[in-house]
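Q: Letter by letter, the chains look like this.
Number of protein chains: 2
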Amino acid sequence: MGHTNGLSHRMASKTIKLVDEGGNPVVGKEVVLTQTNHKFLFGCGIFDAIDVANKNVPADRLAFQEQKLDLFLDVFNQATLPFYWAMFEPKKGKPRTKELKATAQWLKDRNIDVKGHPLCWHTLTAPWLLDMSNEEILKAQFARIERDVLDFKGLIDTWDVINEVVIMPIFDKYDNGITRISKVLGRVGIIKEMFAKTRECNPNATLLLNDFNTSINYEILIDGCLNAGIPIDAIGIQSHQHQGYWGREKLEEILDRFSHFGLPIHFTENTLTSGHLMPPEIVDLNDYQVADWPSTPEFEERQAKEVEEMYSILFKHPLVEAITTWSFSDDGAWLGAPAGFIRKDNSPKPSYKVLKKLIKEDWNTNVTCKTDDNGTLSFEGLLGDYELVCEDKKVSFKLDKDAETEQMLIL
Amino acid sequence: MGHTNGLSHRMASKTIKLVDEGGNPVVGKEVVLTQTNHKFLFGCGIFDAIDVANKNVPADRLAFQEQKLDLFLDVFNQATLPFYWAMFEPKKGKPRTKELKATAQWLKDRNIDVKGHPLCWHTLTAPWLLDMSNEEILKAQFARIERDVLDFKGLIDTWDVINEVVIMPIFDKYDNGITRISKVLGRVGIIKEMFAKTRECNPNATLLLNDFNTSINYEILIDGCLNAGIPIDAIGIQSHQHQGYWGREKLEEILDRFSHFGLPIHFTENTLTSGHLMPPEIVDLNDYQVADWPSTPEFEERQAKEVEEMYSILFKHPLVEAITTWSFSDDGAWLGAPAGFIRKDNSPKPSYKVLKKLIKEDWNTNVTCKTDDNGTLSFEGLLGDYELVCEDKKVSFKLDKDAETEQMLIL
Numbered sequence: 001m002g003h004t005n006g007l008s009h010r011m012a013s014k015t016i017k018l019v020d021e022g023g024n025p026v027v028g029k030e031v032v033l034t035q036t037n038h039k040f041l042f043g044c045g046i047f048d049a050i051d052v053a054n055k056n057v058p059a060d061r062l063a064f065q066e067q068k069l070d071l072f073l074d075v076f077n078q079a080t081l082p083f084y085w086a087m088f089e090p091k092k093g094k095p096r097t098k099e100l101k102a103t104a105q106w107l108k109d110r111n112i113d114v115k116g117h118p119l120c121w122h123t124l125t126a127p128w129l130l131d132m133s134n135e136e137i138l139k140a141q142f143a144r145i146e147r148d149v150l151d152f153k154g155l156i157d158t159w160d161v162i163n164e165v166v167i168m169p170i171f172d173k174y175d176n177g178i179t180r181i182s183k184v185l186g187r188v189g190i191i192k193e194m195f196a197k198t199r200e201c202n203p204n205a206t207l208l209l210n211d212f213n214t215s216i217n218y219e220i221l222i223d224g225c226l227n228a229g230i231p232i233d234a235i236g237i238q239s240h241q242h243q244g245y246w247g248r249e250k251l252e253e254i255l256d257r258f259s260h261f262g263l264p265i266h267f268t269e270n271t272l273t274s275g276h277l278m279p280p281e282i283v284d285l286n287d288y289q290v291a292d293w294p295s296t297p298e299f300e301e302r303q304a305k306e307v308e309e310m311y312s313i314l315f316k317h318p319l320v321e322a323i324t325t326w327s328f329s330d331d332g333a334w335l336g337a338p339a340g341f342i343r344k345d346n347s348p349k350p351s352y353k354v355l356k357k358l359i360k361e362d363w364n365t366n367v368t369c370k371t372d373d374n375g376t377l378s379f380e381g382l383l384g385d386y387e388l389v390c391e392d393k394k395v396s397f398k399l400d401k402d403a404e405t406e407q408m409l410i411l
Numbered sequence: 001m002g003h004t005n006g007l008s009h010r011m012a013s014k015t016i017k018l019v020d021e022g023g024n025p026v027v028g029k030e031v032v033l034t035q036t037n038h039k040f041l042f043g044c045g046i047f048d049a050i051d052v053a054n055k056n057v058p059a060d061r062l063a064f065q066e067q068k069l070d071l072f073l074d075v076f077n078q079a080t081l082p083f084y085w086a087m088f089e090p091k092k093g094k095p096r097t098k099e100l101k102a103t104a105q106w107l108k109d110r111n112i113d114v115k116g117h118p119l120c121w122h123t124l125t126a127p128w129l130l131d132m133s134n135e136e137i138l139k140a141q142f143a144r145i146e147r148d149v150l151d152f153k154g155l156i157d158t159w160d161v162i163n164e165v166v167i168m169p170i171f172d173k174y175d176n177g178i179t180r181i182s183k184v185l186g187r188v189g190i191i192k193e194m195f196a197k198t199r200e201c202n203p204n205a206t207l208l209l210n211d212f213n214t215s216i217n218y219e220i221l222i223d224g225c226l227n228a229g230i231p232i233d234a235i236g237i238q239s240h241q242h243q244g245y246w247g248r249e250k251l252e253e254i255l256d257r258f259s260h261f262g263l264p265i266h267f268t269e270n271t272l273t274s275g276h277l278m279p280p281e282i283v284d285l286n287d288y289q290v291a292d293w294p295s296t297p298e299f300e301e302r303q304a305k306e307v308e309e310m311y312s313i314l315f316k317h318p319l320v321e322a323i324t325t326w327s328f329s330d331d332g333a334w335l336g337a338p339a340g341f342i343r344k345d346n347s348p349k350p351s352y353k354v355l356k357k358l359i360k361e362d363w364n365t366n367v368t369c370k371t372d373d374n375g376t377l378s379f380e381g382l383l384g385d386y387e388l389v390c391e392d393k394k395v396s397f398k399l400d401k402d403a404e405t406e407q408m409l410i411l
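Protein chains in written order, with the working numbering: chain D, 1 to 411; chain R, 1 to 411.
Possibly wrong hints are sitting among the right ones.
Put simply, identical chains are the same to the list, so a pair is met inside one copy or across any two.
[Unchecked claim] Quick list of in silico lysine-lysine cross-link-like pairs, DSS-like style, CA-CA up to 25 angstroms:
hint	residue 1	residue 2
1	173	250
2	39	192
3	173	55
4	14	398
Think of the hints as simulated: they come from the structure by calculation, not from any bench. No experiment lies behind these values; they were computed from the predicted model shown.
Next up, chain D with everything else stripped away, as it sits in the complex:
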């Protein structure tokens, strides 16, 4: 176990009484406790998992993607999969359910928690909504939620229910079905409808509201939603920092403001690049298009430092429960930015190594202790999954916030 200063909110103590097959206490034995997973969600947008799970790319590309996924699985425990309506169901009635299901299952089998992103958004929504009346659009959106949330229940129990509502009704780059109905329902109204439908289909799911707007607008919107009784489980905050790292002060100011609600906070879409910064005058990040946006050694060092600081600040904050870096790899990254932890050739950047060290060493509990005369041992560790090894025997267990004395049979 490494650095646990200021991490008491992520830790628990546990007393274990070890007994053998015969029910006798295991007395005076050395025991090694190893944390195998975090309760905290360290995630990435990892759309490449679709290729790997479905093996529907040429062999050399598949091998490359498999190598990429190995690097991902070595560090992370959460994945965000794309449910952009325009791509998920480009032709009405022909959703890519099978492909995405295979992917979610492939990730679940590897102990990865999967989130679906997003169920409702004005960007990348189904173009065929444009031919419909507002009533038909709303009906289609509900049907989409019902179908997909039910289809993926058990595989995906965390959803970005609705994305970027602050701008939704005033989004004017192009006409789209979702902006149309958001104008009629209003911001809180459309959130209420989408959350109600999603909750109805998966009552125990973790449901997020997600936005890139971190201003007072988003605060007031959340305040309104909560007062209107909308069951938001976690506040999703995007943090695409193509124009430069926010820095400690801004980050803590945002955390402070969004902590007032007492809800869990997920950093849902984080970007820190290892390239030159996007000019500050760009308002919509999508407007910045460059032929080449290289990752450079100098900027890779900067990225590593920023990743280390930002993840450390967030991990220390009691309400933050998840950090998702949006692009795991530079290969295929949004806007062509060098936003990944690994380069286009799958070689890990310094940021990958820094974060792996934080997650797997500094914040990972590994202790050796001895059972007493009653066969009991006590330890304190970061919340998550554990493996206990005693001589040639082992047992797995979970360390949760409310850990009590537990008797374990070791085989």
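Assemble chain R onto chain D, guided by the hints.
A: Using the frame of chain D, we list chain R on its own:
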């Protein structure tokens, strides 16, 4: 009757059957119909009415104030009176109820609709709240609402319930009791509490939310309040334009955005000065302090043009139901600005004359017609109060939206 283009939403048709004392139809007589008041509220902040109603200033000042009030009464039908807690109850338990009641009664006797401003605000709130716990502050705020709303029921049935909530919890110029509790309750939470208490005390009152913030922040706040079931009767929009007239485009854009809710809109605090403009870099208008801010002939012409355009745009908008100019006179105007319709010496500016012409001539119905063989006449007019004169007899009536054929006895 003057200019009624685009004013159909402010008009109604009425058929009247005139009968004499004996119940006989008044046949073939010339009838003059004169509008004596508007349904639309044309108001001012007219705190000077306190002096006049209570006669508690020296004789020469009283005469000056009476002259001022005469000019006010000649044009307007609505008055806003101050209920700033710091001034209304500077010493806990000693509210200026008697003075304000006399004033409200004085105005009511002159057919003026009175609004109280405001019941809850972080600025000019009672300084003695600072010694209390948050629970005590909330209790005191409730008690204040209960006392004042009940005391003034029948005299004041329109209230700015809560003022400037967008900035309220992040207001950091100085510590105050209301900002403290707004941080705990949240924006929608404090609005909900204040509206519930006010509504409880005066179920039929017209209750306003009021703000100077006309950005998307205020829109989202209103959206949240309405979805939380808060019974807002009218949206209050401040429009202190010390830094320059908004102009038609901005005004129409704001009207457009705040019309989405379908609620009545009141322009609660309007300022258009007849002096130099406050520099654009000033963010909090209170920060601009000058020794002298003269009203000049050139700028008085500008003010008159702006008043004419702005009032015309607002009067034409179907959801606007009230316009209150914040300072009737330059004498005692907020920030010392030449913001009044009359100068410091009570002489009317061009803006006074322009507005009087709009309210009393252009938008005022005066028609002459003849009763038919059944004693009936039909006319169309602006909504409001009327006097009907036939020879030496007269009768008063109201022209409301749902006017039906009405039999009137003329004496």
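Q: State for each hint whether it applies.
A: Here is how each hint holds up against the structure:
For the identical chains of this complex, residue 173 and residue 250 are inter-copy neighbours only, at 21 angstroms across copies versus 29 angstroms inside a copy, given an alpha-carbon limit of 25 angstroms. In this assembly of identical chains, the alpha carbons of residue 39 and residue 192 never lie at most 25 angstroms apart, being 29 angstroms within a copy and 37 angstroms across copies at closest. Neither within a single protomer nor between protomers do residue 173 and residue 55 lie at most 25 angstroms apart by alpha-carbon distance, with minima of 36 angstroms and 61 angstroms respectively. Taking the shortest alpha-carbon separations for residue 14 and residue 398, only the intra-copy value of 10 angstroms comes in at or below 25 angstroms, while the best inter-copy value is 79 angstroms.
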